[in-house]
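Q: Please model the entire structure based on the sequences and the hints provided.
There are 2 protein chains.
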Amino acid sequence: MTDKTNILQEFEPLFFPKSLAVVGATSDESLKVNIGNRFIEVLLEFGFTGKLYAVGIKEGEVSGLKIYQNVKDIPSELDYVIAVIPNRLIPQLVEDCGQKGVKVIHLFVSGFGEIEDKMGAELQEEILHIAKNYGIRLIGPNCMGTYCPSARLTFAVGFSAVAGRVGYLSQSGGQSILGIKEANRRNIFFSKVVSYGNAADINECDLIEYFTNDPETDIITAYIEGTNHGPRLFELLKEATKRKPVVLFKCAATEGGSQAAVSHTSAIAGSDLTWEALLQQTGAIRVYNIKEMFDVVSVLQHCPEIRGLNTLLVGHGGGSCVQASDDCCRVGLKMPILPAELRQALMQVYKTDAGNIFKNPLDINPYWGMDKAREAFSAVAGWDGADVILLLSTPEQTPFMPREFEYKVTTKALIEWAKLSPKPVVLALNVNTMPGDDGIPEKSFIRLQEAGFAVFPSAERAATALTRVYRYYQWRRRKGL
Amino acid sequence: MTDKTNILQEFEPLFFPKSLAVVGATSDESLKVNIGNRFIEVLLEFGFTGKLYAVGIKEGEVSGLKIYQNVKDIPSELDYVIAVIPNRLIPQLVEDCGQKGVKVIHLFVSGFGEIEDKMGAELQEEILHIAKNYGIRLIGPNCMGTYCPSARLTFAVGFSAVAGRVGYLSQSGGQSILGIKEANRRNIFFSKVVSYGNAADINECDLIEYFTNDPETDIITAYIEGTNHGPRLFELLKEATKRKPVVLFKCAATEGGSQAAVSHTSAIAGSDLTWEALLQQTGAIRVYNIKEMFDVVSVLQHCPEIRGLNTLLVGHGGGSCVQASDDCCRVGLKMPILPAELRQALMQVYKTDAGNIFKNPLDINPYWGMDKAREAFSAVAGWDGADVILLLSTPEQTPFMPREFEYKVTTKALIEWAKLSPKPVVLALNVNTMPGDDGIPEKSFIRLQEAGFAVFPSAERAATALTRVYRYYQWRRRKGL
Numbered sequence: 010m011t012d013k014t015n016i017l018q019e020f021e022p023l024f025f026p027k028s029l030a031v032v033g034a035t036s037d038e039s040l041k042v043n044i045g046n047r048f049i050e051v052l053l054e055f056g057f058t059g060k061l062y063a064v065g066i067k068e069g070e071v072s073g074l075k076i077y078q079n080v081k082d083i084p085s086e087l088d089y090v091i092a093v094i095p096n097r098l099i100p101q102l103v104e105d106c107g108q109k110g111v112k113v114i115h116l117f118v119s120g121f122g123e124i125e126d127k128m129g130a131e132l133q134e135e136i137l138h139i140a141k142n143y144g145i146r147l148i149g150p151n152c153m154g155t156y157c158p159s160a161r162l163t164f165a166v167g168f169s170a171v172a173g174r175v176g177y178l179s180q181s182g183g184q185s186i187l188g189i190k191e192a193n194r195r196n197i198f199f200s201k202v203v204s205y206g207n208a209a210d211i212n213e214c215d216l217i218e219y220f221t222n223d224p225e226t227d228i229i230t231a232y233i234e235g236t237n238h239g240p241r242l243f244e245l246l247k248e249a250t251k252r253k254p255v256v257l258f259k260c261a262a263t264e265g266g267s268q269a270a271v272s273h274t275s276a277i278a279g280s281d282l283t284w285e286a287l288l289q290q291t292g293a294i295r296v297y298n299i300k301e302m303f304d305v306v307s308v309l310q311h312c313p314e315i316r317g318l319n320t321l322l323v324g325h326g327g328g329s330c331v332q333a334s335d336d337c338c339r340v341g342l343k344m345p346i347l348p349a350e351l352r353q354a355l356m357q358v359y360k361t362d363a364g365n366i367f368k369n370p371l372d373i374n375p376y377w378g379m380d381k382a383r384e385a386f387s388a389v390a391g392w393d394g395a396d397v398i399l400l401l402s403t404p405e406q407t408p409f410m411p412r413e414f415e416y417k418v419t420t421k422a423l424i425e426w427a428k429l430s431p432k433p434v435v436l437a438l439n440v441n442t443m444p445g446d447d448g449i450p451e452k453s454f455i456r457l458q459e460a461g462f463a464v465f466p467s468a469e470r471a472a473t474a475l476t477r478v479y480r481y482y483q484w485r486r487r488k489g490l
Numbered sequence: 010m011t012d013k014t015n016i017l018q019e020f021e022p023l024f025f026p027k028s029l030a031v032v033g034a035t036s037d038e039s040l041k042v043n044i045g046n047r048f049i050e051v052l053l054e055f056g057f058t059g060k061l062y063a064v065g066i067k068e069g070e071v072s073g074l075k076i077y078q079n080v081k082d083i084p085s086e087l088d089y090v091i092a093v094i095p096n097r098l099i100p101q102l103v104e105d106c107g108q109k110g111v112k113v114i115h116l117f118v119s120g121f122g123e124i125e126d127k128m129g130a131e132l133q134e135e136i137l138h139i140a141k142n143y144g145i146r147l148i149g150p151n152c153m154g155t156y157c158p159s160a161r162l163t164f165a166v167g168f169s170a171v172a173g174r175v176g177y178l179s180q181s182g183g184q185s186i187l188g189i190k191e192a193n194r195r196n197i198f199f200s201k202v203v204s205y206g207n208a209a210d211i212n213e214c215d216l217i218e219y220f221t222n223d224p225e226t227d228i229i230t231a232y233i234e235g236t237n238h239g240p241r242l243f244e245l246l247k248e249a250t251k252r253k254p255v256v257l258f259k260c261a262a263t264e265g266g267s268q269a270a271v272s273h274t275s276a277i278a279g280s281d282l283t284w285e286a287l288l289q290q291t292g293a294i295r296v297y298n299i300k301e302m303f304d305v306v307s308v309l310q311h312c313p314e315i316r317g318l319n320t321l322l323v324g325h326g327g328g329s330c331v332q333a334s335d336d337c338c339r340v341g342l343k344m345p346i347l348p349a350e351l352r353q354a355l356m357q358v359y360k361t362d363a364g365n366i367f368k369n370p371l372d373i374n375p376y377w378g379m380d381k382a383r384e385a386f387s388a389v390a391g392w393d394g395a396d397v398i399l400l401l402s403t404p405e406q407t408p409f410m411p412r413e414f415e416y417k418v419t420t421k422a423l424i425e426w427a428k429l430s431p432k433p434v435v436l437a438l439n440v441n442t443m444p445g446d447d448g449i450p451e452k453s454f455i456r457l458q459e460a461g462f463a464v465f466p467s468a469e470r471a472a473t474a475l476t477r478v479y480r481y482y483q484w485r486r487r488k489g490l
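Top to bottom, those sequences are chains Y and Z. Using the numbering used here, the letters of the first sequence map in sequence onto residues 10 to 490. Using the numbering used here, the letters of the second sequence map in sequence onto residues 10 to 490.
By construction, these hints were calculated from the structure, which means they are not laboratory data. Possibly wrong hints are sitting among the right ones.
Said to hold, decoys possible - Distance condition first, Cα-Cα at most 20 Å in a straight line; then the derived EDC-like pairs of lysine to aspartate or glutamate:
#1 Y:Lys-452 <-> Z:Asp-446
#2 Y:Lys-417 <-> Z:Asp-447
#3 Y:Lys-343 <-> Z:Asp-281
#4 Y:Lys-488 <-> Y:Glu-244
#5 Z:Lys-190 <-> Y:Asp-446
#6 Y:Lys-67 <-> Y:Asp-82
#7 Y:Lys-343 <-> Y:Glu-469
#8 Z:Lys-190 <-> Y:Glu-413
#9 Z:Lys-452 <-> Y:Asp-447
#10 Y:Lys-247 <-> Y:Asp-227
#11 Z:Lys-67 <-> Z:Glu-50
Said to hold, decoys possible - Stretches of chain Y that chain Z covers, calculated by requiring three or more beta carbons in the stretch to come under 8 Å of a beta carbon on chain Z:
#12 190 to 198
#13 334 to 340
#14 472 to 478
Unchecked claim - So these bits of chain Y aren't anywhere near chain Z, every CB distance computed over 10 Å:
#15 Ile-16
#16 Pro-84
#17 Asn-237
#18 Glu-459
For glycine and all other residues, C-beta sits at the position ideal for the given N, C-alpha and C.
A: Structure representation (structure tokens):
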């Protein structure tokens with residue numbers, strides 16, 4: 010393992026390049042989808058903090074930048090190169106970059122180790138050899154590269170410029186983009202993201218090691234299809250989880266997934282049982298898709314340590330409370346019944362239990378008056394039988410109220426309750442498969458998030474994330490961390 | 010078991026009442042949320058096909074209807090009564106209805122067998138006794154009642170007036186409303202829906218029996234928390250599944266769910282292992298939430314018989330294809346690899362496999378030209394190694410394309426491919442947790458549905474539904490049905 014200072018210094022140009030050239034630019038306007046030009050546009054728009062250069066076959070200009078015909082022609086030092094040219098031209102580019110003193114090359118282009126033709130693997134070996142000779146670090150090939158909001162370095166339109174505390178490494182380019190968008194919409198922001206593709210040089214181990222040591226990263230997230238460095242990864246994960254949570258989406262876990270992964274990123278997926286054992290022993294939190302990944306991050310970011318699984322579930326509407334109770338219990342939460350004195354207190358608020366449930370779950374209905382609902386919640390919020398509180402809103406189940414009103418009232422209730430809660434609290438807004446194209450459900454979701462809580466689209470998703478985070482803290486306690 | 014003619018005749022007034030009175034109406038405008046008045050409004054707005062009457066304590070008028078002070082004062086015959094008055098007034102109402110010759114009373118009101126005070130259970134016994142004396146059938150108490158689009162009978166605003174071929178019985182009122190809204194948005198329409206609450210009289214067995222015999226119902230769906238009639242239900246389900254699919258959401262399956270269900274609908278949930286065995290033996294399709302219920306209905310309605318689990322998965326974007334392959338394989342679908350000659354045919358279309366996957370999954374990218382994508386899909390669509398085709402769209406994973414464009418192109422591709430498919434085909438539109446408040450993802454979902462296909466918000470949901478429907482057909486084949 011590299012020592013801490015080394016890897017932070019070595020990867021500095023990967024995240025904070027002082028100068029960057031996009032190789033594959035053109036002034037030919039007839040080429041509608043020139044990826045090189047798009048990279049330049051998006052970097053300019055995002056406000057890249059370093060110097061930006063364009064390199065292309067022909068002289069000319071793009072987005073106000075002069076097009077150089079070779080990286081060696083660039084009149085200043087060059088840290089970082091994004092390569093968007095055909096695979097067969099890459100060896101010469103790496104050679105030129107070596108002579109220029111480039112530190113990092115991001116190979117966007119595909120057609121290397123992941124294709125069936127063995128020429129691809131040979132080409133990958135060749136460029137790796139040249140790069141090593143010059144001490145150049147490679148990202149990719151076949152990947153999106155680096156997103157670092159504080160350096161205004163990015164690889165797609167629409168990413169947030171807000172710098173957060175989550176690091177994300179993704180073997181897949183598409184999953185890196187989907188993940189960043191999923192996270193941003195859920196008020197989760199990144200320190201750095203690297204889409205690393207075929208991992209010819211910089212691989213999952215290097216990035217885990219970097220994020221473990223990175224003082225700007227509090228939580229590590231990872232999408233991994235396979236590794237060629239099992240033992241090293243195991244050691245690095247053990248070290249990482251001692252210092253910060255690692256949320257790992259190990260994909261290509263089945264036969265179908267594995268046969269896809271080889272063609273996708275040349276990854277050897279490995280036995281899923283081995284992976285499962287590895288992850289359990291290291292204390293990494295395993296998830297099964299991108300959404301679950303950021304479900305877990307939401308709980309980690311918004312809740313204090315989860316110390317137990319005893320859950321108080323508060324909702325409205327009997328059927329949705331029964332279903333949510335099942336969902337909670339199925340994933341491992343526990344729902345002890347409220348003691349008699351607290352049930353009596355609730356009875357005093359409502360005079361009757363007709364139309365309510367006063368056991369756990371609590372079915373207390375904000376439509377019947379917010380004051381009563383607040384009084385009822387306050388009576389039980391401090392109950393020491395619960396380690397955590399799950400608040401559930403299920404609009405669109407009343408017969409006569411307008412849709413907008415239902416969302417408004419239940420959203421308001423959840424925020425009020427959540428603010429009164431002395432325990433770790435998570436919120437769920439239970440919506441239909443397609444919530445409707447009027448934006449009402451989304452706006453409720455956004456309001457709940459802006460109030461500062463972890464928000465989920467179902468009790469099941471909330472409960473699953475809570476259970477996973479609890480197990481991580483339990484693992485830490487057992488290790489005496 | 011009642012014979013076929015009897016139950017259809019007996020339940021005729023439950024779904025097609027010639028006259029209906031809402032008891033609990035008022036002309037007092039200061040009462041903002043009078044449920045009786047709301048029932049009247051919604052029935053008038055929906056265009057109820059029978060005669061509608063209002064009954065209330067005081068004389069007056071509501072929505073243009075004269076308010077009678079007793080059902081007995083109504084000057085014509087009366088089939089159906091909706092009771093929205095306090096629980097203690099119900100025995101007298103049932104007595105009056107008996108004298109009037111009313112056939113069905115829907116007891117919307119709660120405060121009977123489901124409350125802790127034993128007075129509730131006693132009251133329920135009392136009204137049941139009076140009703141039986143007069144031959145009145147009761148729905149409820151503590152429920153929403155009947156929705157029958159072809160009679161324009163409804164219990165909530167916003168339900169579709171389109172009559173479909175799905176019957177739905179729900180022990181929970183909220184789950185009945187959520188279910189109808191979920192279904193309607195997915196182009197699924199109902200023959201009849203009954204929310205039956207405490208099931209004092211008409212219960213899950215009666216309704217399963219009715220729907221089994223109902224010529225207007227092709228698929229039976231049910232939300233059940235518990236039953237007091239296990240052996241009868243078992244026999245009825247065995248009979249039902251011989252004639253049509255039964256999709257059953259057995260809720261209150263865990264300790265937490267069961268303790269909630271008793272307070273919700275007085276249901277005794279029973280052991281979930283017993284339920285699981287019962288459902289497996291009867292061939293009913295078990296689901297675990299409302300969304301999954303209509304996922305299964307979607308496949309049943311849109312696909313021919315599913316004869317095997319071998320699946321051809323076609324998507325775009327490597328990572329999302331790898332993940333979808335995992336999701337498919339995890340729930341039981343199989344993904345055989347494409348034979349060499351078909352892979353060669355794909356290679357000929359694209360000249361290279363760089364950036365694509367040609368194995369199964371197929372990663373063929375509509376952004377690189379619809380003509381090529383169509384040619385590629387056509388080359389493999391008839392492959393006899395697949396029993397079913399799953400088409401996956403994952404927008405928002407490209408770096409530079411506008412969001413709207415991504416949805417447009419991939420939606421168009423899915424529809425074109427689906428129309429070319431000679432096999433049963435299902436579609437998945439993979440969206441973020443909160444897809445965005447601009448309505449773009451929803452509109453794509455709607456377009457895919459309107460093209461006439463079963464559409465899901467993830468490959469996982471599609472695969473789960475396919476597997477369940479396959480098992481139902483497999484069960485039928487084993488039984489020689």
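Q: Tell me the numbers of any earlier hints that the structure contravenes, in ascending order.
A: 14
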